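A.B. asks: Here are the chains, one letter per residue:
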Amino acid sequence: MAIDVGPRLSLRDVLIVDGDVHAHEQPEQIAPYVAPRWREAVENAARLPYRYLNRPGWSPGAGHMLPGAALPGGRGKAREEIVWSAAQMTQQLAALDIDVGIIFPDHFLKIAAISDGAFAAELARGYHRWLEELWLDPENDLYAAIVAVPHDVDAAVAEIERYAGHPKFVGVFLPTCQVYPLWGHRRYWRIYEVAQEAGLPVMLHSVAGSSWAFPFNTEQHTGIAVHTASHVFAMMANLMSFMETGVPVRFPRLAIVFSEAGLTWVPFLRMRLDKEYNENRRGWPYYADRPSAYIRKMWFMTQPVEEPENPRDLVDLIRIYDGEDQTVFASDWPHHDFDHPRAVFDLPVSDLVKQKLMGLNALRLWPRIRVPAKYAASVTVWRNTL
Amino acid sequence: MAEHVVARAAELPPGARRVVRVGRLEIGVFNVGGTLHALPNICTHQFGPLCLGHVGGTVLARAETGYRFEWGLDGQIISCPWHGLEFDLTTGRCLAYPRVRLRTYPVRVEGEEIILTA
Chain A
1 MAIDVGPRLS
11 LRDVLIVDGD
21 VHAHEQPEQI
31 APYVAPRWRE
41 AVENAARLPY
51 RYLNRPGWSP
61 GAGHMLPGAA
71 LPGGRGKARE
81 EIVWSAAQMT
91 QQLAALDIDV
101 GIIFPDHFLK
111 IAAISDGAFA
121 AELARGYHRW
131 LEELWLDPEN
141 DLYAAIVAVP
151 HDVDAAVAEI
161 ERYAGHPKFV
171 GVFLPTCQVY
181 PLWGHRRYWR
191 IYEVAQEAGL
201 PVMLHSVAGS
211 SWAFPFNTEQ
221 HTGIAVHTAS
231 HVFAMMANLM
241 SFMETGVPVR
251 FPRLAIVFSE
261 AGLTWVPFLR
271 MRLDKEYNEN
281 RRGWPYYADR
291 PSAYIRKMWF
301 MTQPVEEPEN
311 PRDLVDLIRI
321 YDGEDQTVFA
331 SDWPHHDFDH
341 PRAVFDLPVS
351 DLVKQKLMGL
361 NALRLWPRIR
371 VPAKYAASVT
381 VWRNTL
Chain B
1 MAEHVVARAA
11 ELPPGARRVV
21 RVGRLEIGVF
31 NVGGTLHALP
41 NICTHQFGPL
51 CLGHVGGTVL
61 ARAETGYRFE
71 WGLDGQIISC
81 PWHGLEFDLT
91 TGRCLAYPRV
101 RLRTYPVRVE
111 GEEIILTA
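Chains as they are written, first to last, in this note's numbering: chain A, 1 to 386; chain B, 1 to 118.
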């Protein structure tokens, strides 16, 4: 007698929101969108030799080798890890069964390291205009983040206010690679005030690499170790920076999102901070409860999701950091270390939790996202259960 | 299991490959130094299209040389195009994980035809 276990949920049945995909902004493309006083500078940048994520004056040196550049013998990779247009992005995400993508920049991941703050602010403005015109067609399912340049909080706030009502800008990107001071500093608080009022989450994103400034040089010299440490330490240090100045209490409705650091660091940091808090509550008197009570309301993108031999180990860790409702899938397409949706979808969890991780949590985090028609009915059903 | 003619022998000289579809399976057939090998077109990592990857050598480091970096196994190693996980075409063995080995399919030349059993 055959036993019918019912249809198995497949990637195609499920709304998949990708919290982290990358466009590739080049000076040749951005130049027309920057103000006349800076246009020549950007056109000059276009004459400099192109290097992937390391173009002089455009994406300041990683401070370390990039994967693929120095790996012994090369990796023999067969694909170009760049997306040049919205059409290409839509097509490639569709091939991965991804329905919605949230765009981060490529070169401007390092915008915090551009030394001239006025230039950086103008680059961000130009980037937003370029995105608006070429990537965020109302008909597609691509969304974007407003770049908050740390050098110039007035400029950052102005851009947030400019796009606060725009249906396709869903959050504020806090460039984390080589940012100084870290994002908890009081000078940035107006950014959080404005983002909170606009209902926009802030999303931190770093870059693989270390420098004398930040993320700290922990003396790694090979790609494996650098890539293990860099994004993770960047996120941990900034989470602690937010906690140090009371940001979760000053801006209680602000959603804070951490990216590209995987998930397994979260239980570690929560437990360590809780331990230290026992002895030193006076150092952080803003809080009514232990640090993990606030961290459990923060958000964590999955990529690069850890892949233990026993996947239940990862499921246990997600449970340990109360992550079921706070974890959102990200692929990091088209980068070298992207995750196929299966890496999260195949985890041994219930169908409902799968759907939360792959898209339903993202709808709560980024409520501006328009649900593709195909999923409208099932999402409505789910929304009625909330 | 059944036998399938997947190519003419002349179409697969040393260094060449062909990825074929047999029923619902995708299988890569490779000529490595005159010997044919066949592996599934699925990487064990995130199920990428392994057999479309770069074929070449790899970095080895042996105790006998004090773990000096050496280049070897040229033409024998395929790297998955998605994340670079390496497999030995001649054995299906994954270089990074001692216990991971892809199944291989019997493949032979008969007359002028290449015959895959899958």
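Hints listed in this document are in silico derivations from the structure and should not be mistaken for laboratory results.
Here the structure is a predicted model, which is why all the values come from computation and not from measurement.
Each residue gets a CB set at the ideal place from its N, CA and C atoms; glycine is no exception.
Among the clues, some could well be false.
Stated by the list, open to error - If you want a taste of the chain B side facing chain A, the calculated C-beta under 10 Å gives, among others:
| # | residue |
| --- | --- |
| 1 | 41 |
| 2 | 46 |
| 3 | 47 |
| 4 | 48 |
| 5 | 81 |
| 6 | 82 |
| 7 | 84 |
| 8 | 117 |
A.B. asks: Each hint: holds or not?
C.D. replies: Outcome of the hint check:
Annotation: residue 41 of chain B was flagged as interfacial toward chain A, and the flag is violated, the nearest CB pair being 13 Å apart, outside 10 Å. Interface hint at residue 46 of chain B: satisfied, since its Cβ lies 4 Å from the closest Cβ of chain A, which is below the 10 Å cut-off. Hint status for residue 47 of chain B: holds, given a least beta-carbon distance of 6 Å to chain A, under 10 Å. Hint on residue 48 of chain B holds. Least Cβ distance to chain A is approximately 7 Å, under the 10 Å limit.
A least Cβ separation of about 4 Å between residue 81 of chain B and chain A falls short of the 10 Å threshold, and the interface hint therefore holds. Taking 10 Å as the C-beta cut-off, the interface hint given for residue 82 of chain B holds, the closest approach to chain A being about 7 Å. Taken as an interface hint, residue 84 of chain B checks out: its beta carbon lies about 4 Å from the nearest beta carbon of chain A, inside 10 Å. Because the closest C-beta pair between residue 117 of chain B and chain A is about 28 Å apart, greater than 10 Å, the hint is violated.
In terms of the numbered hints stated before, the structure departs from hints 1, 8, listed from lowest to highest.
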